[in-house]
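Protein chains: 2
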Amino acid sequence: METTSKVNRRWRLAARPVGLIKESDFALREEQVPTPKEGQVLIRNLYLSLDPTMRSWVSDVPTYFPPVPIGEVMWGTTIGVVEHSRNDQFREGTTVTGFLGWQDYALSNGEGLQALPHNAAIPLIAYFGLFGLVGITAYFGLLDIGRPQTGETLVVTAAAGAVGSLVGQIGKIKGCRVVGIAGSDEKCCWITDELGFDAAINYRTKHVLERLKQACPHGIDVHYENVGGRILDAALALINLRARIVLCGMISLYNNTRPEAGLYFLGSLIVKRARMEGFLVLDYLDRTQEALDDLMKWHAEGKLRYRVDVVEGLEQAPRAINKLFDGTNMGKLIVKV
Amino acid sequence: METTSKVNRRWRLAARPVGLIKESDFALREEQVPTPKEGQVLIRNLYLSLDPTMRSWVSDVPTYFPPVPIGEVMWGTTIGVVEHSRNDQFREGTTVTGFLGWQDYALSNGEGLQALPHNAAIPLIAYFGLFGLVGITAYFGLLDIGRPQTGETLVVTAAAGAVGSLVGQIGKIKGCRVVGIAGSDEKCCWITDELGFDAAINYRTKHVLERLKQACPHGIDVHYENVGGRILDAALALINLRARIVLCGMISLYNNTRPEAGLYFLGSLIVKRARMEGFLVLDYLDRTQEALDDLMKWHAEGKLRYRVDVVEGLEQAPRAINKLFDGTNMGKLIVKV
Chain A
22 METTSKVNRR WRLAARPVGL IKESDFALRE EQVPTPKEGQ VLIRNLYLSL DPTMRSWVSD
82 VPTYFPPVPI GEVMWGTTIG VVEHSRNDQF REGTTVTGFL GWQDYALSNG EGLQALPHNA
142 AIPLIAYFGL FGLVGITAYF GLLDIGRPQT GETLVVTAAA GAVGSLVGQI GKIKGCRVVG
202 IAGSDEKCCW ITDELGFDAA INYRTKHVLE RLKQACPHGI DVHYENVGGR ILDAALALIN
262 LRARIVLCGM ISLYNNTRPE AGLYFLGSLI VKRARMEGFL VLDYLDRTQE ALDDLMKWHA
322 EGKLRYRVDV VEGLEQAPRA INKLFDGTNM GKLIVKV
Chain B
22 METTSKVNRR WRLAARPVGL IKESDFALRE EQVPTPKEGQ VLIRNLYLSL DPTMRSWVSD
82 VPTYFPPVPI GEVMWGTTIG VVEHSRNDQF REGTTVTGFL GWQDYALSNG EGLQALPHNA
142 AIPLIAYFGL FGLVGITAYF GLLDIGRPQT GETLVVTAAA GAVGSLVGQI GKIKGCRVVG
202 IAGSDEKCCW ITDELGFDAA INYRTKHVLE RLKQACPHGI DVHYENVGGR ILDAALALIN
262 LRARIVLCGM ISLYNNTRPE AGLYFLGSLI VKRARMEGFL VLDYLDRTQE ALDDLMKWHA
322 EGKLRYRVDV VEGLEQAPRA INKLFDGTNM GKLIVKV
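Protein chains in written order, with our numbering: chain A, 22 to 358; chain B, 22 to 358.
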């Protein structure tokens, strides 16, 4: 660890992005590595999780968090190692995860910081790809809000993404017919051939509604939405009586500067007495263990796979995050700091 | 009754309307008054209920009913009197209500036909304006789907309409702050001054979102939607955590030939973990008495008022139905046959 550069590179928010994030919306500063005070620990970040919801944190539209202030180090969840500890709860060398930001080094007073278990069989990145927020999001969003029943048809959007790929596999475990919508033929192959989805649709091809109809001959009972816009509308056109639409995200809209074309089939919610419900994983953090128990079991049984997309270098973070929106990302997007 | 013309005027669907209904979409035929067979009754219609959902019945988009076939007598609920009976359950002279269509006379085998109670204190039109489907719709939509709590803020659209005006009053009975959105200053005065709404907004004025924000200083907990489109979007912008949006109708969209501008604030459902749920009164018909008991009690206590808008003459029906969509209707729209 002594060979590590003792400069702390920190990405600070420089401007509120309009549309897609530009590198100039952030400023990379080289600052001094801080020294922990009594009760604090200094963590060296190893991995930074990049998530679609980050786009909302930097806009000035109020969300579940206040916006990241201009000038502040960009927020983000990381996995790191305790380099210097003045807090009895975290020994030096401990691997931890926390909300530690886009930077090489972070100070923490231990609040919200969590030591990761020692388990040689589980690589660190699995705590981002499966046994972290994405897994908990997929688990509770599908099971608690979507409530799929055996034999029902489940449609998942951004199905080759970190959350979507897990949602579809959990749907299979629960006995659903699972149809994924993704942005390339390669992604479609991955989710059907390797993850066991029953069908996949590349939304960049023509006649998406027609193809979705063919893939869902008995209509849609549960729709897990990560994208929004046109794709959501196609699903609305095909929902069954008492369908449940889980709104987890709307990545197609986060970079919009004006409203989309409308949801032509929103009235289906009335005709089909259906429900569209938004949720945030933050509301389920106290039930994390419940999800992890099942996720670990299913993973051990070979029923649940994940994939990570690792970008090398903290300096790549602002460019890399757009992979979540331009369709070039598969699985969980992570920056190796 | 012998003086009644013995011609049966019947409005038959002539074409699928595009946009607003045109008179030429229907054809008024003069046909023979039919003679009931064994088990049937002949009903002379007195009143015909005109409802926004009728617009969906004549389109070719599938809804909860198959479309009215071209050439068929237009469907509708009426109140009438039994003129000739060959069915023991309905004596001649009995006042009944049923799904008897846009015509002077209808035959029925008694299925779905309901005798109205003799009660001199209740005028016949009250069975359309309050103690009928509109009352049951307002009651279960608000209480079962919206689940308002004392002290919460309830917003109702088409608030001077048949359903909306009842929803707001039931909201007041349940202890909510009630804000109505309607299409004229006259309507706004009616719902605040006579029906006791806390505030009303004329959506035809400017800055609807700003004014809705002022009228809902603590945000929106329950939104009862009859209109859809821009107004729904304004409400989405102001919903509170765990808000419930009741989708009862979307009259602003029924005559659209292309999608509306999108719901810019649909993402609020995620941020606020809110729920948007469609419902149809048809699912509650077996609980009708539960609603009627409360509606009659509240009406007797002077807490629940209704208004009817009576158009004279069956020949006016196709023109009159557009009053539901052009904003000129207040209260329950009824044709006096």
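Simulated from the structure, these hints should not be mistaken for laboratory data. Quick caveat, the model's predicted, so the values are computed rather than measured. A few of these clues could be false.
Copies of one chain are not kept apart here, so a pair can be met inside one copy or by any two copies together.
As the list claims (entries may be wrong) - Capping the alpha-carbon separation at 25 Å, the derived lysine to any residue pairs in SDA-like fashion look like this:
1. K227 <-> D315
2. K234 <-> L274
3. K234 <-> P87
4. K27 <-> N261
5. K227 <-> R328
6. K227 <-> E207
7. K344 <-> A142
Taking each numbered hint in turn, which are not upheld by the structure, reported in ascending numerical order?
1, 4, 5, 7
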